[in-house]
Amino acid sequence: MRTEHDVWDELRQCVAFFDLRGITDEDVEDILSQKFQMLNAGHKDETYNCLDVLPTARLERTASCFTSVLKLIQKNPSKSNIFWETLSGAIDERVMHRTILATLDLCMSKVSALAKVDGSTPTDAQSPLSKGLLAANIYLMWLHIPGGSAYSVFMPFVYQDALWVLLGWAKFMYAPVLDELASTSAGRSGQTKRKQAKASTTRVLSTELATYGHDVLDALVSLGSMRSFDVDAVAATLDAVVSIAALMAVQVAPADQCRHVLKALYPQHAHQVLGRLMPSLAVQSKSLPRGSWDSQQHMTAFHAWSLETTDQLLGSADHHEAGDEEGTLLVVCVLQQLCIRSPDKTEDRKQVAAALVALFYHHVHPHAAATSTFLTFLDSFSRSDKVACRQFAVEVTTQLILNDQWTTTPDQHSFRLMYALLLQRASDRSVWVRNKALVGLTAVLARSAALQQTPSSPWSHAVVAELTKTTNPRDDDAVSSQLSRLLQNRLQDDKKMVRKSALQALEVLLVMEPDMAMVAEIQLKCTDSSIVVRKQAMQVLTTLLSKDPTNRDLQSIWNWGVLPLVNDPEPTVQTSCVDFVHATLCQRLWEWHDRRRRRQDNDTIPPSLAAVLDQFAQLDRMLVNFFQVAIRHLVKRGKLDVCDVVRHCMQGIKLPQAESSSWVMLDELHAHLLEHVTAADCRVLTNMWNDKLPENDHTLRMLRVLSSVAPRVAAMDASAIATGLQQSLHAFSFPMNVIPGAILALRQLNSHSQPRSLWVVDLWSACDTVMNDVVGRGITDVTRLQRVLCTMGDLWCDMDQYTQRLQHIHRFLLPSFNHETTPAAVRAVAFLALGKVSLASQAIAKDSMTMFIRELQTSDNVAIRSNILLILGDLCMQYTSMVEVYVPTIAACVLNPDVLLRRNVLLMLTQLILQGYIKWKDALVHYFLHLVVDDNVELAHLARHVLSGALLQKTPNLFTTKFVETIFVLNNAMDPSTSVAALSDADVHALSCSGADRFPRRWDVYQFMLSTMTDFQKVDLTGKLTRGILEEVSEQKLHLHANPTDIRDNSVERVVQDALLVLSSSEIKLSPGGGSGDGDDNYNQMDDMDAPSSSMKDATRNLASKLAKKNLVVNVIPVVIGVKHQLEAKRSPVMRYLLHYIQDLMTSFKDEVTDVLNMDPQLAKEIAFDLKQYKAQKLAKSRASFGGTSSMGVNTPLLKKHMTPLTRILRERRSSFQDCGSDDDSVMKTLDFSTREVPPPSAARGRSFAPLVEVVPVEVG
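Numbers 1 to 1261, taken from our numbering, label the letters of the sequence shown in order.
Among the hints, erroneous ones may be present.
[Stated by the list, open to error] Computed cross-link-like contacts, DSBU-like style, restricted to lysine-lysine with a CA-CA straight-line distance of at most 30 Å:
#, residue 1, residue 2
1, Lys1124, Lys1069
2, Lys1130, Lys1024
3, Lys1069, Lys1024
4, Lys495, Lys1110
5, Lys836, Lys345
6, Lys1124, Lys1109
7, Lys263, Lys386
8, Lys495, Lys1024
9, Lys954, Lys1024
10, Lys286, Lys386
11, Lys547, Lys345
12, Lys75, Lys171
13, Lys495, Lys1037
14, Lys954, Lys1037
15, Lys263, Lys75
16, Lys1110, Lys1024
17, Lys954, Lys919
18, Lys1124, Lys1037
19, Lys1110, Lys1069
20, Lys1130, Lys1106
21, Lys44, Lys171
22, Lys1124, Lys1024
23, Lys263, Lys171
24, Lys1150, Lys1124
In short, the hints are calculated from the structure, not lab data. Predicted model only: the values in this text are computed from it and were never measured.
Based on the sequences and whatever the hints tell you, model everything.
Written out as structure tokens, the structure is:
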């Protein structure tokens, strides 16, 4: 066992090791005075070569000796005197402590001087890295020994060299690719470097080298715990230790020693330690070394280490000894910094938010005062003018509320603050923040609904108490009332993701507290222009119905909301709708049949299951058709077993409650019945026909089913049924809708027995008898005559050339017959009969076309005109060229006051366009746009739905090409250069919405058209508006009035006004990420749930943004300047609209506009002056009062009627969202080159910054 004397002898021997004759006293002084670094490379290399006589073994022995000495001194500090006496002794008149210090620094500096730290094999005894690590270890242990300050042992640059050696070791051990990439030539591409990095061979790392590095870290841990640790070394130590931990994270290696160093430094330097951990806690990529590894995985590992380290530091005993108030305040500062440094990427934000929530509940939540302080800050932070800050505040708030620790011990006051924050941000001006807030509200409500199942859940009670804290239903301040109004407003939001999130929130809220008025609002969203909104609306209605299947109102709303979407133009919506129909109706119907078949005598079917029959009973003929379309899709997709369905339906037709649904499905599956029915089933069908014919409501469906199974019906039964059908047809006892089915069934049943010509001749003979009787005696039985005409139309294919019978039909088309007025009902059926005849004969169709069109224009009977529309639609499909020329006349029916007729025109034209029979010629699009603002809300929804869906998919550039023309039409201004000239003055007047009082209708049309456009289409539209309207005014091709008093509602000035308002509207701005504006328009963050961002989408947005800027500089600004001169010369009131547009350009494209105006400073000054005057006028008008009340609060109909379009838009914009400030001043300062002010230098020097808390810009409201 070594004695103390042996240790000191060993120390003397180790000191002698450093007496290197190649290193002179002059070299020692140069090294310690840092002059060595300024010497030439040759002298440096010569000095470094002197280290070859100092092998690694001697350095290991010296390190071991210092370890032993340090143990002796720790036991007895007075022993340090012996240490210093030994080191200060001279060897050959050399001061050895300075020589040793210089030699150690030389070993360490050689490592950083080499291009590669592993200049030789790591296991080599002369490895520079090994020597450098041993030297660093010796130096750090030396700093532990008391008395070093008297001998100036601590030198900042030597200590820095020790840290650099340690960092080089970590780089070599954990990120060797960095060195390999650094050694490649700079001219090689990054791809070549990555390939070389992947192809490099795996290094064999030395265990000794690893041990050396960990020994240095251990020495650093001990050194950091000393209270006498030099303050100047703290920053360098923190940088090195955190960087080493980041390198270890590359290999996901444990970095406990690095954490121990930080723990040692934390009691005396808490702010510096936490500040250095902030970049990694905030997932900032700059805190990571770059390499070819997976950066995301690397950042995740490093962030996890930083979070665990910060958590342990904040929870350390030394931290709590400092006092709870000061300690929790420091934690709050850390959380504030995480908010301020929140990243932009979604995944990174999630990690930071999760870290913040974890630290909050570990260290802040137990303290009420600290919790209140942080939540107050979070509320202020949520009103920042930066979108990323507001979005992060919403995400953090949501996670705080939903945390398990919060749900077990809720605080009502804190919950109220956070819940109010979400409510407020749900009305944010940024779509991303609104959407996140709604998603958070949905999650909170869903958690509450789930916890309501738990008895005495305190969190659920807190939520319910907040929602129902007032019992007065008229109290507008009630949280539940605020939430309901908020969600109802968000359903009308112009962004689809917000509408979808509002529907998700309503789904949870309505499950908790049903409100049929709100459910009706959701039904309207089933016709939304957005695919995701329509699908979400179906999901909500289905969920609500599944929770309360016996509610008849819900059943009706579901039927009318979901079933029509089986014909949606979007395949994904169709698929979703068919799935919902399958789950809601079909599966429940099969389950009802199974339960009834298996039940015992005392069993009852649950009311929730039996309610499906009540729901089916509410379907009218149109909804039944939709249901049958869904069945068709299910059969095609193989989701229905036709054999089982037929078996269920054959049993169901015998039951009164299931009869309707069974016949409907058998009717739809008639094409498959022949393969799955048996002879017994055919007997059941024939018996049903014979027994229930007089009182059955499903006669037509029964006839179609019998027609499909006719080959398997017994000959005797077929003959009996055919005889009965002939008798009924001869007697004309069938209703008109049943007659076509009866004739078809008769043909199928008689195909193998009675010759076809016999019963046809007999039936024609019966028709002739009735017609002759009517000719002779007049019309005595209208119903009978209608059925005869219907029968003649269905039989006509067999009597192509029978002109006398055609004359009979023509007689009843006339308004009067035999000096008697022809009933309108008879005329309507006569036109249908003639239409069927026309479909069978092209010659007759050609002769009848003029009569159809004339009656469509002149008839005042809605039934006649509707029937003619139906006929023309069928004729267009069969004889397209014959009907195509009359399409404008047909489209003019949208101007008819009858809602049904307008709806029929819309549906017929839509179908013809989708099937390619007609094109968007002439002014057809303007008739469709007229329906977008129809007085009937449902028809307007339908028009928007078809225009923004299927029709727009077929013709994507429809609105872009027709926008300029639309402005002329809506303002009743004729433009001979467009297809508007094809319209008559009366039609243009009927389609227009001219005048200030009708501006909201025009604006709705413009907004709808803009909402369907892509970024590239918006750029194209900007050019079309500039060239088609503004440039025409600039070149005086569109003439302005010289006297402003001569301006009328249909003047060119009104067209220019609308064009300028459209160009300055927010709807024509590029989507977020693709625009050039600031604030929300520049925030590039896609919706996490709706459409995740991709490099292709980002590239598309960037390209659209570049095109928009180029179009602005090249085309728009020069034309705007020309229009300004024209308006000034005419003293036109449109100048106000132009200044509004220029101000918008300066806000969105400040740099581009300034660059153009820099070429003409005088013009820039003029525009700046005009903008100042414009701002002053706006301010004066906003302060004007009516009877002591601010004009902003006046909302009378008279004021609205005389309000100009620009004033109306400005007021709506101010009332929609509270802006955080105005850019008017900055715009005018940018333009006015002569009044630039330079801030005094003292303004910059007067700022002060807190170490951890930054000032967050806050918006008002």
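Going through the numbered hints above, which ones does this structure break? Give me the numbers in ascending order.
Structure breaks hints 5, 7, 11, 12, 13, 14, 20.
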